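Participant: If you use the UniProt record's numbering, the sequence shown corresponds to residues 1 to 410, in order.
Calculated from the structure, these hints are not laboratory results.
No false leads were mixed into what you were given.
No more than 25 angstroms apart at the CA atoms, straight line, and that leaves these computed lysine to any residue pairs for SDA-like: (1) Lys109 with Pro223; (2) Lys109 with Arg138; (3) Lys62 with Leu120; (4) Lys149 with Gly14; (5) Lys62 with His194; (6) Lys109 with Val162; (7) Lys149 with Glu110; (8) Lys93 with Pro361; (9) Lys252 with Asp318; (10) Lys252 with Leu228; (11) Lys93 with Ser358; (12) Lys62 with Pro12.
Here the structure is a predicted model, which means the values were calculated and not measured.
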Amino acid sequence: MLLLNWRDTGHPEGGGSERYVERMAEGLARAGYRVEIQCAAYPGATAGEWRDGVRYRRRGNKFGVYAHALRATRRARADLVVDVQNGMPFFAKLVAGCPVLVLVHHVHKEQWISALGETLGRIGWWIESRLAPWLFRRCSYVTVSEVTKAELAELGIGRERVTVVPNGLDAPPPCTSGRDSEPTLVAVSRLVPHKRIEHAIDVVARLARRWPSLRLEVVGQGPWDEVLRAHAASRGVADRVVLHGWVDEQAKHEILARSWLHLCPSVKEGWGIVIMEAAAHGVPSVAYRAAGGVTESIVEGRTGLLADDFEDFTAQVDGLLADGPRRAEMGLAGAERAGRYSWDTSAGQFESLVRDVSGQPVPRPRTLLPHRVPELSQQPGGRRRVEVLAASSHGDRGAAAGGRRAERHA
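Take these sequences, add in the hints, and give me the full structure.
Facilitator: Structural data, given as structure tokens:
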């Protein structure tokens with residue numbers, strides 16, 4: 001099983017969509033499939049590794065990864081290729097000798113021009129809206145929300161070819177943080193233009209007089225970091241805005257647990273995992289209705305609020321800050337709903353779809369060993385390092401003692 005994705009969760013720009021791909025891949029590995037993710041390289045990363053039963057190969061930068069992925073697809077003897085289309089597909093259908101499943105988190109229409117400019121943006125949108133639907137016209141699709149399914153239908157992709165497998169959720173870890181005594185907002189996001197974290201900063205600036213102790217904590221990293229710091233300074237709220245950068249999972253959950261409200265001002269979301277992570281801590285979210293998938297991760301009026309524009313967004317935040325009982329009621333409803341989601345359930349649904357699309361029989365489950373070994377692409381003297389598979393399949397002919405398979409130096 002070969003999955004093509006532009007990056008993994010270790011990438012500085014990795015986010016929720018990458019987490020989804022990896023959790024689905026890990027579920028396939030536990031079910032007995034041999035799974036490989038082909039993705040881009042980045043500074044500090046090994047060229048490959050085995051992690052949680054999944055093999056990772058990192059080749060090329062954010063542009064070169066597409067050529068490397070096509071080469072890997074052509075050479076692979078896979079039963080199925082999953083082409084993860086983050087706006088731009090990998091065009092796996094051109095070279096794959098097996099069925100191709102297309103994974104789309106959301107349609108990128110609004111993002112193309114803001115990300116690439118007028119000319120390149122129009123080309124990108126043409127590829128996503130015209131070329132890709134034609135190329136994959138006989139392929140099955142999978143997405144994370146009914147909203148995205150409807151958007152794909154608008155591009156001419158038949159609803160009968162699109163399966164919705166929602167995001168899962170990990171149970172939040174125990175946290176020592178209690179709710180802050182002063183009003184605290186949080187935004188958890190990659191720091192890139194289309195996430196519009198500057199809107200969250202603008203909310204703080206707009207409400208600063210009404211809420212003298214209001215502050216915003218921003219969790220995440222990305223190329224927009226310095227822009228956001230400058231924006232906070234220009235709005236006179238640099239002392240109220242904390243940009244934490246990257247933090248580990250425990251720290252992220254501690255920050256969520258002490259916050260009053262979570263803000264998601266993104267232009268587009270396929271679903272919004274962090275909305276559900278905040279909900280698991282009893283923290284309601286405010287997002288833009290037009291962002292799409294958030295209309296499914298937020299039950300409007302019960303677990304959070306949806307806004308139509310910035311003025312409405314600010315008013316919704318202000319209203320919830322002032323209404324403690326309503327915030328608490330939404331928090332309880334959100335936590336109850338978050339408890340219904342699990343990665344195991346989603347991975348099971350994904351595996352069922354993979355089995356149907358590939359036409360392959362159910363493999364034997366594998367026992368994954370708690371062992372991670374990085375693979376270096378090249379050793380001194382032109383010798384490749386031994387690779388170790390940290391998983392075993394009952395009766396696997398290639399397995400050595402202890403459930404590990406080694407490849408000799410080439």
